[in-house]
Structures are given as C-alpha cells and as structure tokens.
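Undergrad: We have chain A; now place chain B onto it with these hints.
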Amino acid sequence: MVSHDDVKYVARLARLKLADAELERYAEQLSGILDHINKIAELDLEEVKPTSHVISITNVFRKDAVRPSAPPAAALDNGPEIESGAFRVPPILDTEEQ
Amino acid sequence: MTAGYEAVIGLEIHVELSTESKMFCGCRVEFGGEPNTRTCPVCAAHPGALPVINEKAIDYLARIALSLDCDIPPGSIFHRKNYFYPDLPKGYQITQYDQPFAIEGHLDVSVDEKDIRVGIERVHMEEDTAKNIHAGASGRIAGALYSLIDFNRSGTPLVEIVTKPEIHSPQSARAFLNKLKNLLKYLEVSDCNMEEGSLRCDANVSVRPAGSSKLGVKTELKNMNSFKHLEKGLAREIERQTELLAAGERVVQQTVHFDFTTGEVTPMRSKEFAHDYRYFPEPDLAPMLANRKFVDRIAASMPELPDARAGRYRRDFGLTPYNAEVMTSDRKLSDFFEECVSHFNDPKLVSNWLMGELLGYLNATGGELADCLVKPASLAELLGMIESGKISNAVGKEVFAEMCRSGKEAAAIVEAKGLTQISDTAELEAMIDAVLAENPEQVAQYRAGREKLLGFFVGMVMKKTKGRANPQVVNTLMKEKLS
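Protein chains in written order, with the numbering used here: chain A, 1 to 98; chain B, 1 to 483.
Extracted from the complex, chain A is given alone in its bound form (with noise of 0.2 Å):
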C-alpha cells in the first residue's frame, strides 16, 4: 500500500499541492497501478523484451537546418512577469539556507 508520505513526496516532485482527502484517493489509485504492475511480474517474462516505445519505427531524423524562430512575444507573452526581453523569475536558490 502507498502511504500518506509516498503521495505526498511525488506530488512534491511534481509541484503538486493536494488536500487530505487526495492524498488518500491517490494512495489508493497508485497503490492499484502497482498491484497492477505486481501482477504482471508474477508472469514469466524470461523472454519478453523491454518495451520503451510502442511503435516500431527508428532513427527519425530531421536535416540541420535553421528554420525562422517565433517572435519573441510569441514566448514571452506567456510569462507573469518580463524584464529586459527575458523572464523575470524569484531566487533560485533559498537564501536561507546559504
């Protein structure tokens, strides 16, 4: 069973604020897809290849060539806050842990 924490440190990896209630409904649906996976172990998958990609084409590649990039605003019109032509963002670094 995922635990209370488990949910809590993953939607901390992923910036996620969740309510008491969600970490419980979480903890159950993530507990489900490791039952799940669990199950699957149980077969013998000796010689069963590692899928990374459900299709089977390869090497896609495209020539090296410089196409037009989009108007600046077209990116920075997404941003909260510009400076300069560039986002503007907090410290990166916790000062107080300096």
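Hints may be right or wrong, so weigh each one.
Stated by the list, open to error - Interface residues of chain A toward chain B, partial, derived using beta-carbon atoms under 7 Å:
id, residue
1, Leu-13
2, Val-66
3, Ser-69
4, Leu-76
5, Asp-77
6, Ala-86
What the hints assert, rightly or not - Heads up, simulated DSS-like pairs for lysine-lysine below, C-alpha to C-alpha not over 30 Å straight-line:
id, chain 1, residue 1, chain 2, residue 2
7, A, Lys-17, B, Lys-181
8, B, Lys-375, A, Lys-63
9, A, Lys-63, B, Lys-181
10, A, Lys-63, B, Lys-452
11, A, Lys-8, B, Lys-81
12, A, Lys-63, B, Lys-332
13, B, Lys-293, B, Lys-181
14, B, Lys-81, A, Lys-63
15, A, Lys-49, B, Lys-293
Treat the hints as calculated values from the structure; they're not laboratory data.
Yeah, the Cβ is synthetic: ideal placement off N, Cα and C, and Gly gets one too.
TA: Just chain B now, with coordinates in the frame of chain A:
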C-alpha cells in the same frame, strides 16, 4: 597531497555542438544575441510541440565517440529527466539514461612526460538548458535578488562525456581536459569556448587512504569552467577532504562551489530536496539504431586523429614527443605544418619555427591561425632564404614578424628593407676595424686574456648591421683581427 591519502577524480564534461540548428527544432544555434529571439514552440515547450532529432548532432556525437575509442551499442534511446528549474521549460530535460549512445572508451593523456589512460564511462546526447542571468551584487546564483531567463540556448545540442574515476591529481584532471578540448576542436564538432560556456566541466572528487580500493564519500564540484579553476578548485577540495579524514571526521556527500576569489569551497543547496529524476523513455522520440553501415560511414569521414598524427611525426619526421604533441594540438596547425614541410623538408626546423615564432605571434596578438596572413609556402620560402645564407637567422625572425603583420612575401620584405645578409669580407672587415677602434679598453682586456669578450665585439658588429652580418664570417674575421 598529504602522504597516506589518494584523491579519486571523475570528470563530467558538457560540450555544445556547433550545429547550425538546435537539437530538436530549427532555431539557430548561436552565442548571445537579444534574449528570447531564437525560440519556437519546441524549445520554449509549448504544449503539443514535438521534437525531431537533428541528424548532424548524431553524426558529431558519433565522431566524438569514435575518437574516444568507445563502443557504440546497436541501439540507444532518449529519456526524460524530470525536475523543476526555471531554465528548463518542459519540466524535464531530454537526455539519455540507461541506453547511452556510446560506452567504454578511453583517452591517453601525457602528464609530466608520463602517459596515463583515463577510461570513458559513457558519451551521450542531450539538450542544453536556457541561460540564467542572476540579478544581484555578486551576479551569482547564491544571494541573487531574482533571475532573468533567456531561452536562446535552450535546446542546443549538448554532449555529455563522463570519465571513470581514474584521475588522481588536479594536474592530471587539467591535462585530461586540455587534451579533450583539443580533440573536440580538432574534430570540428564544437568551438569549445569555455568563456562562452560551450565547454563546461564538473568534477566528482573523493579521498581515500592510499592503497585502498574502496571509494570514499564524494562531493561534486560544479562549473569548473577554466583550466585554472579546475586545477585550483580540485586542489582545495582534496585538501579540505583530506583534513577532515585526517582529523577522523566524515566527508558529507554534497554539491560544492569553488569561489575563485576567496579560494574557498562552500556547499551549494537548491530548493529541490531530492535528486529523484524519475527517468522514463521519451515517448516523442523513436529509438536510434546505430548499425554497422552508419558507424562505418562516420569512421570513414573522420580525419587522422591527433595521437596517430603525433606518432607519425615522431616516427617519420623525428620530432620530439613534445613538438609532435604541440604540432597536433590543433588541426589547422597540423595541416600548416605538413604543408610547410612539403615545401621545405626539415620538419624539426619547421616545427621549431611554428612553435617559437608563429604561435608566439598568435599568442601575443590573440589571433587565430585561420586568419594568419602567412601561408605555409611563404614560411618555407623564408626558411630557404635562411638556409642558403641570403639572410641571417635573426633577420629571418624579424622578416617573419613583418610577414605576419603585412602578409607580404619574405623576398619582397628583404628587398625593400635591404636586409640581405652581409658576408662580404671587405665590408665586414671595415666594420670590425671601426668596432675595435671604438672600444680600445675592451681590446686591451681581450688581449690580456679575457677571451669571452669576443661575443661582445661580434654583438657590436651585429648591432651596427642590424643583424644582417653573417655571424660565422664575423667570428672568424674578428679572431684574426684580435690575434
């Protein structure tokens, strides 16, 4: 290094490839420029945008892998490395994880005239992040008031090269990085400009009792982005860890920052509390199969590598190991050298001229060989003029400097400036007489037995002729006059 302890260093080198376009989209790869002018839905991570692999980047990656004598497994795939950081628009970096492009290589490096072999753990492909500009007094991430993000760099093809923990001193680490940088430049896959960040180096370092085969607790030194920083940072961190161990304390596994201004190493902490990247296969990119044909095609397109070329110079040209190494440190220099030798068959002399005069001139002026006005055939012609006695060696050096500055041919400079060597006995005798007459005191001393004054007299004649006198002839005549 304190006796009884041994340092163990592994390097992680990131190199930006000099492709025209980015790794997964058509935005131009370039340094600098107005912020956020080279972005598109793919490299700015707009929902629904799909990456497509740049074929040239994979060719460059393969060149690097082959030059490091790596194995290229038949298949490799991309993974998503998930973490939050402002310079990573997708919330994950496309990189390679358990199926990297290349594994198990090595690079031989000469340190203090001893050859060491450093194993290469892996070489893989990934994308660079955006650039952060930190606002604040220090301009560094620690203590920044806020940061500005420029996505021009986001998605630049980036190759990561990881060594095995087989380096045991800061000097060796520096020599390794220098050799690798030269090799990458030689392959013409990156400009390796450390100041602009196209070559970056992190180091994992631990210390253990000498003779132990168990690795100690390591720290990661981030952004050792000049040779000097790398060497000094490692030396300081090894010293710090050794002191801890010698005092019976423990090294804490962490990321540390070397402050070049204070010479101190300090821990770095980020808001991310765990390095839990939850890698999974990138579903948007099909696996890459490197078949025999592909590897053979890349191998066939590779130039003769520096080590092989240096070996040939030692064997066929009789160059010293040092000269051979310098002559192959740069592909253009190597080509220049060989072309010059094809016109003037004295490889040792040519290599000495290139090392002393040409590299000296480029160093002093901060110029690049590619822009050098002197062509190999012109240098060969100059060396021919010295060999035939038309000009003296000293004048030759002067003429060479003038050739570098003006791009004129040696013969034209010698002609215009009247620099031909004076070997005419009558002309030289007159000058010798004058020198002796001007320095009666020294003449008396010489005749009283101070024979080393001969050099002084010859020097005076050379000065009078601005280096044009044939020194052998002057020597002989001078001795005769003084006896």
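Undergrad: What hint numbers does the structure not satisfy?
TA: Result: hints 5, 7, 8, 10 break, sorted rising.
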